[in-house]
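Asker: The residues making up each chain are set out below.
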Amino acid sequence: MHDFIFGAYPYLAGTIFLIGSWARFDREQYTWKADSSQLLDNKNMRLYSNLFHIGILGIFFGHFFGLLTPHSWFLAFGISDLTHQYIAIYLGFIFGVACLAGAVLLAWRRLNSERVHAVSRGRDTFVIIWLAVTAAIGLSTIPVSSGHASAGDAQQMIALSEYVKSVATLSVDPRLLDNVDAIYKVHMFFGMTVVLIFPFTRLVHVWSIPFSYLTRAYQIVRAKRITT
Amino acid sequence: MSHFVDRLRFFTKETETFSKGHGIVTTEDRQWEDTYRNRWRHDKVVRSTHGVNCTGGCSWKIFVKNGLVAYEMQQTDYPRTRPDMPDHEPRGCQRGASFSWYLYSPHRIKYPLMRGRLMELYRAERAKGKDPVEAWEAIQSDPKKRKKYTAVRGLGGFVRSTWEEVNEIIAAANVYTVKKWGPDRIYGFSPIPAMSMISYAAGSRYLSLIGGACGSFYDWYCDLPPSSPQVWGEQTDVPEAADWYNSKYLIVCGANLPMTRTPDAHFAIEARYNGTKVVSMAPDYAEYVKFADLWMPVRQGTDSAAFLAMGHVALKEFHVDKQDPYFTEYARKYTDLPMQVILRKDGDRYVTDRFLRASDFTENLGEKNNPEWKTIVFDSKSGAFVCPNGSVGFRWGEEGKWNLLPKNSADQSEIEAELSCIDNRDDVLDVAFPHFTAGEGDVLMRKIPVRKIKIRNKNTFVASVFDLQVAQYGIDRGLGDNLATSYSDGSVPYTPAWAEKITGVKAADLERTGREFAENASKTRGKSMVILGAAINHWYHNDMHYRGIMNLLHMCGCVGQSGGGWAHYVGQEKLRPQAGWAPVAFALDWHRPPRHMNSTSYWYFHTDQWRYEKVVADEVLASTAKGRYKGYQLADYNVVSQRLGWLPSAPHFNKNPLDVVAEAEAAGAKDEAAVAKHMVKQLKSGDLAFACEDIDAPESFPRNLFVWRANLLGCSAKGHEYFLKHLVGAQNGVMQEGTEGAACQEIKWREEAPVGKLDLMVDINFRLNSTGAYSDIILPTATWYEKADINTTDMHPFIHPLAPAVDPAWESKSDWQIFKAIAKKFSELAETHLGVRKDVVALPMQHDSPQALAQPLGEVKDWKKGDCEPVPGKTLPLLKVVERDYPNTYKKFCALGPLMITAGNGVKGLAWNTEEEYEELKKLNGVIKEEGITKGMPQLEEDIAVCDTVMEMAPETNGEVAHKSWKALGVKTGIDHNHLCDPRQHEKIRYRDIQAQPRKIITAPTWSGIESEEVSYNAGWTNIHEHIPFRTLTGRAQFYQDHEWMLDFGEGFCVYRPPVDMKAHQIVKEKMKNKPHLVLNWITPHSKWGIHSTYQDNLRMLTLFRGGPYFWVAEDDAKSIGLKDNDWVEAVNGNGATVARVIVSQRVPRGMAMMYHAQEKNVNVPGSVTTGKRGGILNSVTRTVVKPTHMIGGYAQLSYSFNYMGTVGCQRDEYVIVHKIEDRDVDWLERPLTPAREAQLNPPGIEN
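Chains A and B supply the protein sequences, listed in that same order.
For the first sequence, the numbering used here begins at 1 and goes up steadily by one.
For the second sequence, the numbering used here begins at 10001 and goes up steadily by one.
Simulated from the structure, these hints should not be mistaken for lab results.
For clarity, every value in this text was computed on a predicted model and none was experimentally measured.
Every residue gets a Cβ at the ideal spot worked out from N, C-alpha and C, and that includes glycine.
Worth double-checking, as some hints may not be accurate.
Simulated DEER-style distance windows between Cβ atoms [what the hints assert, rightly or not]:
| # | chain 1 | residue 1 | chain 2 | residue 2 | range |
| --- | --- | --- | --- | --- | --- |
| 1 | B | V11079 | A | N42 | 53 to 61 angstroms |
| 2 | A | I209 | B | W10032 | 13 to 21 angstroms |
| 3 | A | V186 | B | T11234 | 50 to 58 angstroms |
| 4 | B | T10027 | A | I209 | 21 to 29 angstroms |
| 5 | A | A136 | B | Q11146 | 53 to 61 angstroms |
| 6 | B | L10068 | A | N42 | 31 to 39 angstroms |
| 7 | A | I94 | B | L10068 | 50 to 58 angstroms |
| 8 | B | D10043 | A | W22 | 28 to 36 angstroms |
| 9 | B | E10270 | A | S208 | 45 to 53 angstroms |
| 10 | B | L10068 | A | I5 | 46 to 54 angstroms |
Some chain A residues close to chain B (C-beta under 7 angstroms, calculated; not the full set) [unchecked claim]:
| # | residue |
| --- | --- |
| 11 | W22 |
| 12 | Y213 |
| 13 | A217 |
| 14 | I220 |
| 15 | R222 |
Restricting the straight-line Cα-Cα distance to at most 27 angstroms, the calculated cross-link-like pairs of lysine-lysine (BS3-like) are [what the hints assert, rightly or not]:
| # | chain 1 | residue 1 | chain 2 | residue 2 |
| --- | --- | --- | --- | --- |
| 16 | B | K10501 | B | K10277 |
| 17 | B | K10345 | B | K10128 |
| 18 | B | K10020 | A | K224 |
| 19 | A | K43 | B | K10128 |
| 20 | B | K10128 | B | K10824 |
| 21 | B | K11075 | B | K11063 |
Excised from the complex, chain A in its bound form:
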């Protein structure tokens, strides 16, 4: 079971994530959207939505760089493992709390705002609650991590990082997690599941962040379509 969840599940989730996104983009263009309900109820959305989005983006980039940057690079920059861990704990706490608060408020709004509730589908409610739970578990790793950090022990962090890299390099080794506390594993399961459900939810809008707007020309003219 352990091997399945940490050996096969990441790839299962990743595959569904990629193929699912592709399939949805190709087949369901009209569902490719953020499904914003702000038009129906804009009350407090500046707070709720920004808390959530800033939080989750922070977490995303934190995990991304924290776990995928090669260990040696950190050391090369002069960041020791413990510093790394403290950065992770503090930034993780700040963004995690923001994300959790935002997610809880959004989930509350989704259930209690009459108009938003009326247009909510099961997956909309599910995904925001799932994200909230994932963030909550993530936050609950902080005391454990702090314990490690105060004891000067960065081994678990390094193990997690190594594990993630093993997944990323297609040489997965669940054994790397043997000495990791269970709470991290639960968090990882939840996180991987987010990736799994991603193509089936409104999260697909993440793919469409309009980075090109940063560099695009003022005017874009589409060439006349040659009918075939």
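With chain A fixed as given, assemble chain B onto it according to the hints.
Answerer: Using the frame of chain A, we list chain B on its own:
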């Protein structure tokens, strides 16, 4: 290709750049655009329109995709107008554009529906082995069973049935009713045929075949202005909208052009670019006000005062101070102003009496034919009283002199009718004119220049209408009665200063507008126009508002001139191919006459609104009245009217008319005359009585009601709650006991008021509206995009179709096919239960027929009071025997009958042979092949064949018929009119033609204007330019009405009459009066978001406005009781209550609540806190009230014709109490039906 792969465009990113790199050209995938393109892609486009009761008559493109109607768009292929005229297009508004929503909406009636309890009862009886009629009888003869389903009307409970079952039950109910009570207990209500005339004809043909009564609608809606029959002898004929553009001076009064005549409003707006001045009159800042150069904010219900003041100015400056040559000539030839009126001594004063007649002179001035019907002028050429051509007496019994040529009938010499005898007077008399303004006395004393003549050796004084009219307007002529010295003399009625007190409009504005209006007409020969609307017509004294306007128009020579005259607001009342349609619609090809009824009187009686009548007739009488019926109630007058053969009746008598004939025949009567004689004897003895004399007796009840193309209960039912209580027998909000009716002298008073008179109510509709909700059976009909039909309006001269873009959805079918199927079942059941029977129709004296000369000199002779003998067609309705071959009803329905050959066709008193058209129809549509009475006759089985039959027989769509009809008129007038139509003699317009493009109709004598390339259609054009008389007593447009009842009620001349006090708001309970409330005049204008009740429940329209019922209140009024916008409010009075949201606006003046017309109770209507019943509709707080002057008959233009004459259902004089309802008190009544609730039909505390 894959969207994703297309996005991977690294190597083909850009093709080129431009503007120094600020722009790029990409070859990005554009497939996504196809979705939007497909949204507007379609399989076919079909021309249709909306058969809704509006003025538009707009042709639409219906787009069909995948077998479903996707959307609609305005057609833009109308024939062009002539140069210098704007085109008619685009025609269509936001409401029409939303129609396709209905087709597949939750409102759609998909299957035949039946009230579940009725179905159970009926099936149980049938299961016992009874045949359908016996089963129906079993239910009806058991009051408990009957009440079981009637008492839950309006409370839901419909279940799906089948066509076979509903047809059987409807047919059984009809057969039973015909047998037990009489065919005149079956009633059909459907409005304004022109909007979908074949659908109308379907029901009316079925009813006319079985002897049911078809109810009028135009008068019931109060859109009929009775002033039009009174003044012109014309139901209403108005200019097409394009003629607004030709006007040089427009007064728009109570007609919200952009809002309610959306497709036509552009003509009025464009006229402004053409230099036309536009003056608007509206109490509120209505949408049309913003297009005007001047806004005169007139107090609601006082418009006549404003127009009388403008008339005062025009009359003084253009007729008295100087004589405008054009106006004077017009007045002499085309108005009754030179006609002489006898003055009657009334104590020490005189009052105006009847017109002087040829019969008043020795040897009748040489007139042998109808001398009592020929009015007199003074000829200044010969210096003698002469009888000019053209009065109604020339119309019947002789030929060639019924025209408006200024000729002396005796020798056809030229005459010049004298307007005033002021310079040649014999005397000056004090004449009293009735006056009704509070605090100003009951009469106006005026000095009148008169001539003295001897009538039967008695000295008699006569005066011209002109001299009387000038005096009545308060214009001083130096005769010593010290009338208005200036316009600012507010003490003399009808001066601008006086009118300012009444109307709130500045005297200076009235003065200037009156002067400019006349001056413009003088310079342009009549191109001054008044566009007038429901806002001034829906009042009890609407005829005064209208006659005030007509007076101004006639003084200024505007009527009948292009760009001039009146533009009354109705539209699709103009059933252009009327002459071809009527035989089909009323089965005149099989039986004549049909059975018609004026609906206002019908509902007034049968919904027992007369029992609650608080308006006392004596209070409406003038002090100068002869008043032979003093003490009579308004309802009593209607009884008198029916028995004198003025207004129709339904049911006619207290017996089944089939039995009446059978009895007469048993007593030996062999023919119609003998049957009539027998009946007269019985009427005299009292063995037979008019049903209205005991209207609440079970034998007087209406038993079966068909409502199709209509929304009787949710829309036009003024006194909605009374309908619910007495007619339908449902939960109702009537807040009073109704004891006033006990004062009636002609009607038997029954202490206990009947509840639930109808045995069966059938609604035929495509949407579930309030009428359907209260019916027992709802039949699913084809929508306007699913059937073939014809549509016309008077706003434009084109005829165009409704066409099936898609087949009728679910189990619906066209009205023609629905009634055909009912007729079939009816025939089957009639075989055993009815057989061939003889029916007697009591027909009132008809307008445009010789019976319009039934009752000479305007004197009321009442046989029941011993004034005369009852003579059918003279002092009693005509009694016409009609044979009803009931088992052949279906066959007759499906074939054009033989009377079209033997009796011919006609319209408005003209007749012509129609044999050629009949033969042509056989070839065009095919004949009936089945054995039986109809074998070989042209078929009427398919909708399109019916359309073509109508168009083949109508002069407007068949040039040959036009030719014949104008020839027939030419014989009467002695003038050849055929140049008007003969260039199009060989033209025939058929259904397929109009499906290709709307077609302009051919000029026909049915109408008073012409279709031409030189002038736009304008009412009265042929009266002025072709010298065809108005169809009035004098043959002229009449300022003066001389019937005894017109004089009794003080309306010989137009006077200002304030709104009547309906008194219904005075009886609300103390409890309510103690909390903050407003007392407001209840104003119900036509809406922006619906056409009557249609569209107002359409999601698209609901989304555009407040999404439920609302009414408007002035900001200051609202503030005074703490109302905020969108609060829940209740309007309540003795008639009931209605709950809505309030719109608080500065747009509305203080003192009125405006609830836009026909917001129904089917969307977002909570319960009323006062009545405890569902919150109501706009008419829950109204009650209709009838006016005796509208009941006159047998007297020239004041004679009955369907939708032409009759009481009108006014509702704007009403006041309500408005108070706030807290959100917590809003009760949606969403509870199950308990026996206790079912038993409580009335509001708490109401016993009867």
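Asker: Give a verdict on every hint.
Answerer: Status of each hint after checking the structure:
1. V11079(B) <-> N42(A): 53 to 61 angstroms: Given range 53 to 61 angstroms: violated, Cβ gap about 42 angstroms.
2. I209(A) <-> W10032(B): 13 to 21 angstroms: With a Cβ separation near 19 angstroms, I209(A) and W10032(B) satisfy 13 to 21 angstroms, so the hint holds.
3. V186(A) <-> T11234(B): 50 to 58 angstroms: 56 angstroms, holds
4. T10027(B) <-> I209(A): 21 to 29 angstroms: 23 angstroms, holds
5. A136(A) <-> Q11146(B): 53 to 61 angstroms: 55 angstroms, holds
6. L10068(B) <-> N42(A): 31 to 39 angstroms: Since L10068(B) and N42(A) have Cβ atoms about 36 angstroms apart, the given range 31 to 39 angstroms holds.
7. I94(A) <-> L10068(B): 50 to 58 angstroms: 56 angstroms, holds
8. D10043(B) <-> W22(A): 28 to 36 angstroms: 34 angstroms, holds
9. E10270(B) <-> S208(A): 45 to 53 angstroms: 50 angstroms, holds
10. L10068(B) <-> I5(A): 46 to 54 angstroms: 51 angstroms, holds
11. W22: This hint holds: W22(A) lies near chain B, its Cβ roughly 5 angstroms from the closest one there, short of 7 angstroms.
12. Y213: Y213(A) check fails; min Cβ-Cβ to chain B is 14 angstroms, beyond 7 angstroms.
13. A217: 4 angstroms, holds
14. I220: 6 angstroms, holds
15. R222: This hint holds: R222(A) lies near chain B, its Cβ roughly 6 angstroms from the closest one there, short of 7 angstroms.
16. K10501(B) <-> K10277(B): 26 angstroms, holds
17. K10345(B) <-> K10128(B): 75 angstroms, violated
18. K10020(B) <-> K224(A): The hint holds at about 21 angstroms.
19. K43(A) <-> K10128(B): Cα-Cα ~65 angstroms, so violated.
20. K10128(B) <-> K10824(B): Holds. K10128(B) to K10824(B) sits at ~24 angstroms (cutoff 27 angstroms).
21. K11075(B) <-> K11063(B): Within the cut-off at roughly 20 angstroms; holds.
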